[in-house]
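Listed here are the chains, written in short residue letters.
Protein chains: 2
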Amino acid sequence: MSPLCQPWPVNEPTFRIATRADLPAVLTLLADDDIGRTRETEASDARYWAAFEAIDADPRNELIVAEAGGEVVGTCQLTFTPSLSRGGSERMTIEAVRIHSGLRGRGLGGDLIRWVLERGRERGCGLAQLTTDKRRADAHRFYDRLGFAASHEGFKINL
Amino acid sequence: MSPLCQPWPVNEPTFRIATRADLPAVLTLLADDDIGRTRETEASDARYWAAFEAIDADPRNELIVAEAGGEVVGTCQLTFTPSLSRGGSERMTIEAVRIHSGLRGRGLGGDLIRWVLERGRERGCGLAQLTTDKRRADAHRFYDRLGFAASHEGFKINL
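Chains A and B are the protein sequences, given in the same order. Start counting the first sequence at 0; every next residue gets the next number (numbering that gives the first Met the number 0). Start counting the second sequence at 0; every next residue gets the next number (numbering that gives the first Met the number 0).
A hint or two may mislead.
The list treats identical chains as interchangeable, and a pair is accepted whether it falls inside one copy or across any two copies.
Unchecked claim - Only pairs whose alpha carbons sit at most 25 Å apart, straight line, appear in this in silico SDA-like list of lysine to any residue:
| no. | residue 1 | residue 2 |
| --- | --- | --- |
| 1 | K155 | A138 |
| 2 | K133 | D44 |
| 3 | K133 | G69 |
| 4 | K155 | G123 |
| 5 | K155 | R120 |
| 6 | K133 | T27 |
| 7 | K155 | R105 |
| 8 | K133 | A49 |
| 9 | K155 | D21 |
| 10 | K133 | A30 |
| 11 | K155 | W114 |
| 12 | K133 | E94 |
These aren't lab readings, by the way, just hints derived from the structure by calculation. Note that the structure is predicted; figures quoted are calculated from it, not measured.
When you get a sec, could you build the whole thing from the sequences and use the hints?
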């Protein structure tokens, strides 16, 4: 049964590292977003396949997917950065968090983030961090509820 | 002549990837900071040497130093993250930016950041990003002047 037809909450989501077969679904999730829609294009573009291979081959990067009812319904990317701060432990950066627009508000995003935080703890990371666009007020409340502190300003520049 | 004795601006700073010999000076810079002082400890700790080796061996991480008058007077760390966003280009994250406390306000930090942005461009990165503590008001003006936009909230959580 499609997760879209399931009652709240989403039944038994599972979380794992993405395979090459997941890439079209992940790109669809990245594009299914008011802010991302202006940026992403099609999976037919070889650059996306090359980027997937680069992530997949790097021991400090992981593309994660959430799966429910046999469908990819969420994603994020983890980067583990060796650091001279905080006793030399790695820091975990979470990027490109997306949940299927038809499944938001049903606990899946919280499950995904708690799962990746536990993954970071198991790896010995001292800190997890992310940035989210100042326009995403819902996301700010979401991360606040999960225990994150909005302690930093996030600066970006196009190169 | 020590760069501390030189007239403004700092004469002919050079920027390069750090070597193992630079690590004690870099750790001193990381500790010489109102916020960082509560966190960092001594270079005698083997964990810092292990973290340096991890950064040095990783093709997607670079510890950068600024040198003037034969001394290490600034540092930052660059992380190049393969990404499915923005046409599959890498994004460059800048962390742990520090300038010797006796040399601030003399243009060295701007030179360092412009140098790393050019390094990111040469590598083909589409975006550079960083977060800075909301208490660092001077840093916010600094990055704003360099062309960064404070478009994101930066969330952190200790693991």
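Legend entry - Hint check against the structure, violated hint numbers in rising order: The structure conflicts with hints 2, 3, 8, 9, although it agrees with all the remaining ones.
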